[in-house]
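Asker: Read off the chains here:
Protein chains: 4
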Amino acid sequence: MIRVTLWYENVQEEGIASAAMTESASEEERERILRDLKEGSERIRRQYPDGLMGTIAGALRKEKDLEVTCVTQQMPECGLTQELLENTDVLIWWAHVAHEEVPDEIAYRVVRRVQAGMGFIPLHSAHKSRPFMYLLGTTGTLSWREGDFCRVWTVSPSHPIAKGIPESIELSEEEMYGEPFDIPKPDDTVFISWYSGGEVFRSGCTWTRGYGKIFYFQPGHETSPSYHNPYILKIIANAIRWAAPEIVRERFDCPNVPMSPEEKRKNAGRI
Amino acid sequence: MIRVTLWYENVQEEGIASAAMTESASEEERERILRDLKEGSERIRRQYPDGLMGTIAGALRKEKDLEVTCVTQQMPECGLTQELLENTDVLIWWAHVAHEEVPDEIAYRVVRRVQAGMGFIPLHSAHKSRPFMYLLGTTGTLSWREGDFCRVWTVSPSHPIAKGIPESIELSEEEMYGEPFDIPKPDDTVFISWYSGGEVFRSGCTWTRGYGKIFYFQPGHETSPSYHNPYILKIIANAIRWAAPEIVRERFDCPNVPMSPEEKRKNAGRI
Amino acid sequence: MIRVTLWYENVQEEGIASAAMTESASEEERERILRDLKEGSERIRRQYPDGLMGTIAGALRKEKDLEVTCVTQQMPECGLTQELLENTDVLIWWAHVAHEEVPDEIAYRVVRRVQAGMGFIPLHSAHKSRPFMYLLGTTGTLSWREGDFCRVWTVSPSHPIAKGIPESIELSEEEMYGEPFDIPKPDDTVFISWYSGGEVFRSGCTWTRGYGKIFYFQPGHETSPSYHNPYILKIIANAIRWAAPEIVRERFDCPNVPMSPEEKRKNAGRI
Amino acid sequence: MIRVTLWYENVQEEGIASAAMTESASEEERERILRDLKEGSERIRRQYPDGLMGTIAGALRKEKDLEVTCVTQQMPECGLTQELLENTDVLIWWAHVAHEEVPDEIAYRVVRRVQAGMGFIPLHSAHKSRPFMYLLGTTGTLSWREGDFCRVWTVSPSHPIAKGIPESIELSEEEMYGEPFDIPKPDDTVFISWYSGGEVFRSGCTWTRGYGKIFYFQPGHETSPSYHNPYILKIIANAIRWAAPEIVRERFDCPNVPMSPEEKRKNAGRI
Numbered sequence: 001m002i003r004v005t006l007w008y009e010n011v012q013e014e015g016i017a018s019a020a021m022t023e024s025a026s027e028e029e030r031e032r033i034l035r036d037l038k039e040g041s042e043r044i045r046r047q048y049p050d051g052l053m054g055t056i057a058g059a060l061r062k063e064k065d066l067e068v069t070c071v072t073q074q075m076p077e078c079g080l081t082q083e084l085l086e087n088t089d090v091l092i093w094w095a096h097v098a099h100e101e102v103p104d105e106i107a108y109r110v111v112r113r114v115q116a117g118m119g120f121i122p123l124h125s126a127h128k129s130r131p132f133m134y135l136l137g138t139t140g141t142l143s144w145r146e147g148d149f150c151r152v153w154t155v156s157p158s159h160p161i162a163k164g165i166p167e168s169i170e171l172s173e174e175e176m177y178g179e180p181f182d183i184p185k186p187d188d189t190v191f192i193s194w195y196s197g198g199e200v201f202r203s204g205c206t207w208t209r210g211y212g213k214i215f216y217f218q219p220g221h222e223t224s225p226s227y228h229n230p231y232i233l234k235i236i237a238n239a240i241r242w243a244a245p246e247i248v249r250e251r252f253d254c255p256n257v258p259m260s261p262e263e264k265r266k267n268a269g270r271i
Numbered sequence: 001m002i003r004v005t006l007w008y009e010n011v012q013e014e015g016i017a018s019a020a021m022t023e024s025a026s027e028e029e030r031e032r033i034l035r036d037l038k039e040g041s042e043r044i045r046r047q048y049p050d051g052l053m054g055t056i057a058g059a060l061r062k063e064k065d066l067e068v069t070c071v072t073q074q075m076p077e078c079g080l081t082q083e084l085l086e087n088t089d090v091l092i093w094w095a096h097v098a099h100e101e102v103p104d105e106i107a108y109r110v111v112r113r114v115q116a117g118m119g120f121i122p123l124h125s126a127h128k129s130r131p132f133m134y135l136l137g138t139t140g141t142l143s144w145r146e147g148d149f150c151r152v153w154t155v156s157p158s159h160p161i162a163k164g165i166p167e168s169i170e171l172s173e174e175e176m177y178g179e180p181f182d183i184p185k186p187d188d189t190v191f192i193s194w195y196s197g198g199e200v201f202r203s204g205c206t207w208t209r210g211y212g213k214i215f216y217f218q219p220g221h222e223t224s225p226s227y228h229n230p231y232i233l234k235i236i237a238n239a240i241r242w243a244a245p246e247i248v249r250e251r252f253d254c255p256n257v258p259m260s261p262e263e264k265r266k267n268a269g270r271i
Numbered sequence: 001m002i003r004v005t006l007w008y009e010n011v012q013e014e015g016i017a018s019a020a021m022t023e024s025a026s027e028e029e030r031e032r033i034l035r036d037l038k039e040g041s042e043r044i045r046r047q048y049p050d051g052l053m054g055t056i057a058g059a060l061r062k063e064k065d066l067e068v069t070c071v072t073q074q075m076p077e078c079g080l081t082q083e084l085l086e087n088t089d090v091l092i093w094w095a096h097v098a099h100e101e102v103p104d105e106i107a108y109r110v111v112r113r114v115q116a117g118m119g120f121i122p123l124h125s126a127h128k129s130r131p132f133m134y135l136l137g138t139t140g141t142l143s144w145r146e147g148d149f150c151r152v153w154t155v156s157p158s159h160p161i162a163k164g165i166p167e168s169i170e171l172s173e174e175e176m177y178g179e180p181f182d183i184p185k186p187d188d189t190v191f192i193s194w195y196s197g198g199e200v201f202r203s204g205c206t207w208t209r210g211y212g213k214i215f216y217f218q219p220g221h222e223t224s225p226s227y228h229n230p231y232i233l234k235i236i237a238n239a240i241r242w243a244a245p246e247i248v249r250e251r252f253d254c255p256n257v258p259m260s261p262e263e264k265r266k267n268a269g270r271i
Numbered sequence: 001m002i003r004v005t006l007w008y009e010n011v012q013e014e015g016i017a018s019a020a021m022t023e024s025a026s027e028e029e030r031e032r033i034l035r036d037l038k039e040g041s042e043r044i045r046r047q048y049p050d051g052l053m054g055t056i057a058g059a060l061r062k063e064k065d066l067e068v069t070c071v072t073q074q075m076p077e078c079g080l081t082q083e084l085l086e087n088t089d090v091l092i093w094w095a096h097v098a099h100e101e102v103p104d105e106i107a108y109r110v111v112r113r114v115q116a117g118m119g120f121i122p123l124h125s126a127h128k129s130r131p132f133m134y135l136l137g138t139t140g141t142l143s144w145r146e147g148d149f150c151r152v153w154t155v156s157p158s159h160p161i162a163k164g165i166p167e168s169i170e171l172s173e174e175e176m177y178g179e180p181f182d183i184p185k186p187d188d189t190v191f192i193s194w195y196s197g198g199e200v201f202r203s204g205c206t207w208t209r210g211y212g213k214i215f216y217f218q219p220g221h222e223t224s225p226s227y228h229n230p231y232i233l234k235i236i237a238n239a240i241r242w243a244a245p246e247i248v249r250e251r252f253d254c255p256n257v258p259m260s261p262e263e264k265r266k267n268a269g270r271i
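Chains as they are written, first to last, in my numbering: chain A, 1 to 271; chain B, 1 to 271; chain C, 1 to 271; chain D, 1 to 271.
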């Protein structure tokens with residue numbers, strides 16, 4: 001069994017106002033903000049009656065080899081206790097508007113677990129999440145626009161993440177993310193997306209950090225139906241299997257080796 | 001001065017019939033084939049009154065640091081004598097329909113010079129040329145269609161080949177080349193193209209083989225106006241400067257080193 | 001079951017004189033050459049009483065998931081019929097002195113199968129074999145010396161090929177292969193070797209070509225005991241599992257796509 | 001002129017006791033600590049009478065195209081004001097024992113400038129410095145031992161950083177740094193080191209982050225004579241030229257593009 005933890009920001013779906021949004025707002029503005037939030041929340045729930053996280057989790061739970069735990073940013077320690085992370089093989093991350101509400105302490109806890117071997121699958125707008133930026137060392141910037149038709153092309157058809165995926169997938173509506181995407185050279189570029197408005201994007205990329213594998217995957221705007229598409233869900237399941245660690249790193253220090261290998265060989269009479 | 005050799009297949013532009021085209025044809029068929037060739041040739045010449053090679057060479061000759069030699073496949077030894085190659089810093093290659101008329105002996109002569117340090121810039125349909133396939137070790141296959149609008153996106157804006165190039169370039173008409181493109185992982189993916197018909201393509205990619213640098217660049221169909229576009233010409237000039245060798249390899253053998261570095265150090269009294 | 005084909009040059013072990021060795025030799029020289037060959041052959045057989053190929057095959061046959069076929073260069077078509085290659089998941093290649101006796105036709109047959117998905121594991125002196133050079137596009141040159149102690153360091157401890165392998169492996173005697181090693185940038189550098197004479201070498205490297213995975217592994221000189229070392233054998237078995245294809249490529253053409261994806265979408269009433 | 005800033009920790013050379021060293025120490029212990037520090041400091045000054053920073057700066061100042069500014073961690077803002085960074089093309093970083101005295105705020109200021117285009121050359125023990133770890137996303141762990149003979153092999157002889165450098169360089173005494181080195185796959189591995197005690201190390205590696213280039217170089221222990229070796233100094237000078245930015249990034253946001261490129265093309269009457 002691969003132990004999957006699905007981390008969800010859950011701010012828009014719940015219609016939660018951040019402190020920053022309302023602190024200096026007048027009564028009237030405050031009402032408008034809250035109304036907008038409510039409408040936004042309803043749009044997500046119309047698209048995903050089981051919730052965005054519930055939809056992904058529901059699909060993954062049909063896979064016999066996956067064991068799925070759901071946590072949200074509103075939980076204590078953002079839902080990411082050391083214990084949970086130590087019992088997670090692959091962490092999926094969906095976040096959009098509240099990246100800065102994950103404290104650095106938690107973000108680095110995730111970074112450290114990836115370096116130890118935990119797989120990490122940041123989805124869609126997680127390109128600006130702290131763990132993603134801290135692991136890659138880049139800003140993750142890109143351009144964007146809502147409401148394009150999107151065609152995801154399989155660029156590395158023999159990659160395990162592309163297994164069973166056709167030459168291209170059509171998404172009736174997705175948020176456009178456009179190049180240049182500020183990322184380090186991917187180990188593998190598995191998918192590149194075409195948008196009807198005229199942009200391209202490296203939408204499925206892998207990296208390695210320490211013992212951990214990372215797969216970023218672009219589709220998944222909160223009001224787009226992408227997580228109902230069986231191929232998108234299959235790609236996520238493939239990526240989980242690909243990212244699950246075979247070995248977990250134990251040591252994080254820089255050991256001093258006072259007696260050299262050659263001295264040991266000499267002492268053993270082999271020189 | 002960077003010594004550039006521009007190699008041109010020159011079969012379509014001259015309207016040359018290959019032996020294979022006509023050997024088993026009836027008189028009537030033969031006439032039709034020759035008429036088609038003539039029409040094809042005229043289409044190229046309407047687009048490029050100075051010839052495709054002449055247009056590229058003319059643009060490059062305006063650059064003060066480049067010295068351009070033009071050769072064609074119809075010349076003895078396909079225009080690629082050992083002497084010329086040894087006096088070439090960067091070889092540009094345009095070919096489309098007669099890849100197999102370059103004998104392996106000549107193709108490997110090019111391969112060897114690249115391994116020694118010569119830069120190599122295969123353009124457009126050179127993805128199926130022998131030197132390209134032999135240097136990369138892959139088949140270079142892709143899908144294609146004539147007549148799309150094309151937008152070339154700069155994916156690595158800080159790469160020297162992208163210097164002075166805007167975020168994207170629009171080409172009113174280009175041949176579509178679509179993914180999956182069968183190439184080894186590029187060292188750098190500098191450009192990715194968007195086509196109006198719905199495809200994407202890694203249209204500007206770099207590799208290193210031995211001491212030599214390679215840049216493949218997709219635009220340049222023989223009846224498309226891409227080589228009139230100043231940005232396309234600037235990219236080619238940038239690529240020439242990037243690919244020009246600083247060091248040329250002398251030795252291609254596997255030297256036996258009977259006395260080890262440690263033995264030498266011992267003999268010199270330093271152990 | 002993974003279908004492994006073990007290809008062995010078998011020239012030195014059999015003490016076979018090549019035509020080039022003896023054609024212009026006097027009777028006396030001829031006798032000396034044949035005596036040297038016989039002595040060389042005996043040295044290999046003392047080290048590997050079951051033969052070099054027999055030793056590797058014997059170890060691999062203990063693995064329940066591997067099915068091993070042995071062929072040699074002396075067989076018709078160098079033992080590499082199209083049928084056998086189409087029924088091979090991973091091809092292991094050991095050759096040293098007779099690389100040029102594998103005709104290009106056979107070498108390219110191997111190249112094409114790797115591009116289709118077959119795994120390829122060139123061992124030791126196969127760095128100058130034709131399939132290796134043709135797949136990588138480089139010369140594979142290096143420096144060499146017989147008779148060093150060698151320590152193989154695991155540089156990518158979380159790579160599947162390093163599974164169960166300690167931080168370093170000691171080989172009492174190996175042929176030294178020294179940098180610079182003329183190869184394209186590896187996808188992964190899994191092992192780097194230290195030699196007592198003072199050199200280093202990237203001794204375990206991976207690449208991808210088309211759908212096929214390649215792992216070059218340095219240890220395995222014909223008179224060194226490396227193929228008796230359980231870790232060396234484990235690395236080869238790990239590499240076989242890593243290189244076995246999940247998908248085999250069917251098409252090797254460049255399909256024309258006269259109707260674009262967007263036109264199809266329009267015709268389907270989705271635009 | 002390339003504007004080089006040389007950043008030096010300067011703790012050991014000055015014999016500075018950190019707060020952590022002495023706070024809970026008895027009077028006697030405190031005296032011993034301070035005596036050890038003084039001895040350590042004297043050892044560095046015997047090796048580098050002009051100081052470690054002074055030695056490197058002195059060598060670089062002989063290069064006509066370099067303009068060198070020296071700063072130390074003891075200066076306000078660790079010597080790294082925003083203004084200085086904005087006027088730095090390449091930042092060299094030497095630190096060993098006080099990595100944690102560089103506040104995250106300063107470390108991220110450096111990270112951001114590298115992402116904008118500034119070159120970054122962490123030397124020797126800077127593998128545990130904050131900017132290095134934050135840019136790479138890995139821990140930089142390795143094994144170590146003082147006092148080995150070291151031979152640095154040039155693995156990528158055609159890389160600009162290896163220009164004019166022989167096949168190998170001998171360092172009479174260096175601190176051993178051993179694999180596995182926890183770093184992401186380098187863009188290029190330029191040097192690999194051999195140590196007399198039996199280890200190997202990827203001692204010269206490059207990466208790109210955003211618009212900035214990074215070169216890590218291992219030699220340079222504070223009591224070893226490596227910075228007197230003309231090849232080591234030449235490599236640093238080469239690396240500075242290689243890492244100097246041609247373009248500096250201006251924007252760090254994710255621009256919304258409400259009107260798509262295709263809409264603009266339509267509005268311009270080109271569709």
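I should point out that these hints are in silico values taken from the structure, not numbers from a laboratory.
Fair warning: there could be bad hints in the mix.
Said to hold, decoys possible - Residues on chain C that point at chain B, a partial pick, calculated with CB under 8 Å: (1) P103; (2) R145; (3) K185; (4) P186; (5) G197.
As the list claims (entries may be wrong) - Straight-line alpha carbon distances no greater than 27 Å define the calculated BS3-like cross-link-like pairs of lysine-lysine that follow: (6) A:K185 with B:K38; (7) C:K185 with D:K185; (8) B:K185 with C:K128; (9) C:K38 with C:K128; (10) A:K185 with D:K185; (11) D:K234 with D:K62; (12) A:K38 with A:K128; (13) C:K38 with A:K163; (14) D:K128 with A:K185.
Ideal Cβ placement from N, Cα and C applies to all residues, glycine included.
Asker: A separate judgement is required for each hint: does it hold in the structure or not?
Answerer: Evaluation of the provided hints:
no.: 1; hint: P103; verdict: violated, 13 Å
no.: 2; hint: R145; verdict: holds, 5 Å
no.: 3; hint: K185; verdict: holds, 7 Å
no.: 4; hint: P186; verdict: violated, 10 Å
no.: 5; hint: G197; verdict: holds, 3 Å
no.: 6; hint: A:K185 with B:K38; verdict: violated, 46 Å
no.: 7; hint: C:K185 with D:K185; verdict: holds, 10 Å
no.: 8; hint: B:K185 with C:K128; verdict: holds, 23 Å
no.: 9; hint: C:K38 with C:K128; verdict: holds, 24 Å
no.: 10; hint: A:K185 with D:K185; verdict: holds, 10 Å
no.: 11; hint: D:K234 with D:K62; verdict: holds, 11 Å
no.: 12; hint: A:K38 with A:K128; verdict: holds, 24 Å
no.: 13; hint: C:K38 with A:K163; verdict: violated, 51 Å
no.: 14; hint: D:K128 with A:K185; verdict: holds, 23 Å
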